[in-house]
Amino acid sequence: MRLRGWRKVVFFGACGLILIWTVFPVYYMITLSLVREEDLFKPSLYVARPTIENYVMTIQQSNYLVSEFRTQLYNSVIIAMLTTSAVLIIGTLGSFALARIRFRGTRLISSMTLFTYIIPSSFLSIPFFKLMADLNLLGTKLSVILVMITFTSPYAVWILWDYGKTVPPQIDEAAAIDGAGPLTLFFRIYLPLILPAMVAIATYAFLYSWNEYLYAVLFLSGETNITIPVAMGNFLATDNPPWNILMAESVLYSIPPVILYYCFRRHLLSGLVSGAVK
Amino acid sequence: MAQNIQATVISVVSHRRERWGGKTILGLAFCSPLILVFLVLVITPMLYMIYLGLDRTIYPAIFSDPIFIQTLWNTVIFVGVAVNIKMILALVVSALFSAEHWAVRILSGIFLLPWAIPSLPGILAFRWMLNGQWGIVNKILNDLGFAGYPWLVRRPSALAAAIVYHIWKYLPFWTLIFVAGRRSIPKDLYEAGDIDGAQPLQKFRFITFPMLRNLYLICSLLSMVFTLGDFVIIKIMTGGAPGDSTHVLATLAYRYTFQMGKIDWGVGTFITALPVTLLFIFILIRSVK
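For the protein sequence lines, the chains are A and B, in the order given. So the first sequence is numbered by the numbering used here: it starts at 1 and just counts up by one. So the second sequence is numbered by the numbering used here: it starts at 279 and just counts up by one.
Mixed in with the good hints there might be a few duds.
Unchecked claim - Quick list of in silico lysine-lysine cross-link-like pairs, DSSO-like style, CA-CA up to 27 Å:
(1) Lys465(B) - Lys141(A)
(2) Lys481(B) - Lys465(B)
(3) Lys540(B) - Lys130(A)
Just so you know, these hints were derived from the structure itself, not from any lab.
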C-alpha cells in the first residue's frame with residue numbers, strides 16, 4: 001500500500017499516537033524500576049542514573065517488602081501449573097465426548113459451559129468463600145486452584161470442541177474398524193490431532209491463574225502463602241511504598257506472561273477469534 | 279411409500295435407542311469431570327447465593343445506603359462508558375490494522391503489550407503515573423505550563439482513570455477480533471463498491487458495518503458482562519476512595535462482606551445486578567448458538 005499527501009500524514013500520525021498510547025505506561029514502569037530511591041520523588045521521563053539494584057533487592061529478598069518474593073513466585077507457578085494440568089485433562093476428555101461421540105445431553109452441556117464462561121467470576125466470590133470455609137480449604141493452594149479450574153475449563157472445552165469438530169470422522173471410523181476402543185481413539189488419534197488447540201488452552205489457563213487477583217486475595221493469607229499479585233496489592237496498605245521496588249517486581253512478574261503471549265499468540269488468537277467470529 | 283416411512287421410523291427409533299444406550303454412557307463418562315466441576319463449583323455456590331439472597335430484609339437496607347446507590351451509578355458509568363468507547367475505538371483502529379503496510383506489521387506486535395501484561399502491574403503503573411504530587415502526568419502538565427490535578431482524589435477523574443486503564447488494557451484484544459472479522463468479509467463486495475465509485479466512508483457504512491454489526495453487538499454485550507464484575511481495576515486504582523465514592527459492585531460487595539462483616543449485604547449487592555446479568559447471558563447464549 002502506498003500513501004501520498006495528507007493520507008500519509010494521517011496514517012503515520014495515527015500509528016504514532018497508537019504507539020505512544022500503548023508503550024508509554026510500559027516504558028514508565030520500566031523506567032521507574034531503574035530509579036534509585038533518592039530520585040523516586042523527582043519525576044522524569046528518563047532515568048539519569050539507572051540502577052538495577054531494585055531487581056537485585058527483589059531477587060535477593062533484601063527489602064522487607066519483597067522478603068518472601070521467591071516463595072510467592074513458587075506459589076504463583078504451582079497454582080498456575082496445577083490449574084493448567086487439570087484444565088487440560090477436563091477439557092480434552094469433555095471435548096472428545098462432545099466432538100466425537102453423538103449422545104444425549106450435548107446441548108445442555110454446551111449451554112452450561114457457555115454460562116460458566118460468561119458469568120463474571122466475582123459474582124460467585126462470596127458463596128465460594130463460604131464453600132471453601134466449610135470444606136476447611138481456606139488458605140490452601142487447592143482452594144484457588146479449584147476456582148481457577150471452574151472458570152477456565154468451560155472455555156477450554158469450548159475451544160477444544162470447536163477444534164475437535166474439524167477432525168474428519170472417517171478417521172475414527174477407520175480406527176474403529178481396526179478394533180480401536182474409545183480410549184485408544186482418545187489417546188492415539190484425538191489427542192495428537194488437537195495438539196495445537198491444547199497449546200492455546202494451556203497458555204490460556206496458565207495466564208488466567210497467573211494473573212488472578214480476587215480469589216487469591218480472598219483465600220490466601222500470610223506472607224509465605226500468598227501469590228505475587230496479592231503481595232503487590234498488599235504494598236498499597238503500607239504508608240510509603242517504595243514504588244521503584246514495586247515496579248521492579250511488576251516487571252519480573254510480567255515477563256513470563258509477555259513471553260508466553262508472544263510465543264503462542266498465533267495459537268491464542270486463532271482459538272479466541274474462531275470462537276468469537278462465528 | 280409405506281415401507282419407506284416404516285424404514286424411517288425404525289431408523290429413528292433405533293437411533294434414539296442408541297443415543298440412550300452405550301454411547302450416552304460413554305459420552306457422559308468422558309464429560310463427568312466437567313459435569314462434576316459444574317455441579318459442585320458452579321451450581322452449589324449459585325444456589326447458596328440465591329438462598330442467602332432470598333432474605334427480603336436485605337434490599338431495603340442496602341437501597342437506603344447512599345454508597346450503594348452511588349455504586350450502582352458508578353458501575354453503570356464504568357461499564358457503559360468504558361466498554362462503548364473501547365468498542366468504537368477497536369472498530370476504528372481495526373481498520374488501520376487491516377492495512378497492508380510495514381508500519382502496521384511492526385505496530386501490531388507492540389500493540390499486544392497491554393493485553394499481555396497482567397492487570398496488577400499495569401494498574402499500579404497508572405496509579406503512580408497519576409499521583410498528584412509525584413506523578414509523571416502532573417509533571418508533564420507543569421512543564422507545559424498547566425497546573426497539576428489530584429486525579430485519584432476526585433471522584434470523576436478517579437473513575438475516568440479506571441475507564442482509561444480498562445480501555446488501554448482491553449483495546450488490543452477487541453481490535454484483533456475486529457481485524458479477524460474484517461478479514462472474513464468477502465473481497466468482491468469491496469471490488470463491487472469500487473466499480474460503483476464508493477468512497478471509503480460509504481464502503482464502511484454500506485459494506486463493513488452491516489457485515490460486522492452482529493459481531494460488534496455480541497462482543498459489546500460479552501465485554502459488558504465481563505466488565506460488570508470487574509474487581510481489580512477499582513480495587514487497586516482507587517480502593518473506592520475518595521470516601522467510598524468510586525466503588526463498583528464487586529469492590530463494594532467485598533467491602534460489605536469482608537471488611538464490615540455483612541455477608542448478606544454483599545450477596546444482596548450481586549443479586550441486585552443478577553437480573554440484568556442473566557438477561558445479557560441469555561441473549562449471548564442464544565446468539566452464539
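Right, here's what the structure says about each hint:
no., hint, verdict
1, Lys465(B) - Lys141(A), "violated (51 Å)"
2, Lys481(B) - Lys465(B), "holds (12 Å)"
3, Lys540(B) - Lys130(A), "holds (13 Å)"
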